[in-house]
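Residue numbers for the sequence shown follow our numbering, beginning at 22 and rising by one.
Worth flagging that the hints you see were computed from the coordinates, not collected in a lab. Glycine included, each C-beta is placed from N, C-alpha and C at the ideal position. Keep in mind that a hint or two might mislead.
[To be verified] Beta-carbon label-pair distances, calculated as ranges:
| no. | residue 1 | residue 2 | range |
| --- | --- | --- | --- |
| 1 | G28 | S112 | 45 to 55 Å |
| 2 | M44 | T113 | 37 to 47 Å |
| 3 | I139 | W31 | 44 to 54 Å |
| 4 | C90 | V124 | 16 to 26 Å |
| 5 | L30 | A129 | 36 to 46 Å |
| 6 | G28 | E120 | 24 to 34 Å |
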Amino acid sequence: MDAKEVGNLWGDLPSVPPSTPAMHLRGQADELSRLSGGALRGEIRGGPQQDQFQYALIVTAPAVSGLACTIVQVSYGIALYPLALHDTVTSTTFTCDDEAKYVQTLGAILRSPPVRRILS
Numbered sequence: 022m023d024a025k026e027v028g029n030l031w032g033d034l035p036s037v038p039p040s041t042p043a044m045h046l047r048g049q050a051d052e053l054s055r056l057s058g059g060a061l062r063g064e065i066r067g068g069p070q071q072d073q074f075q076y077a078l079i080v081t082a083p084a085v086s087g088l089a090c091t092i093v094q095v096s097y098g099i100a101l102y103p104l105a106l107h108d109t110v111t112s113t114t115f116t117c118d119d120e121a122k123y124v125q126t127l128g129a130i131l132r133s134p135p136v137r138r139i140l141s
């Protein structure tokens, strides 16, 4: 039997690629820049580290040279979830088992009073 006779052994694949945790951070970085009219910028730094992906959301103020603050860090494997979301402002780490929990927790961190104080 040749390879063409075997056919599809993959089964159905998702038609839409999943949103990665890094993509959600990038979206929030872009939103911060938009909402602040460019006074604040969100930057994403990081990438693959051995068997994990690690990214950080860093807030910078272009008008104040050198001012930068890491707000959150996220670490995840190839399966994406569960992931570790670290609030660097309060030194709290959360485990998120799925995308919904990650987005909910990330939003709570970004809206938290300690982060608001940094942004103001």
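Worksheet entry | Hints breached by this structure | 2
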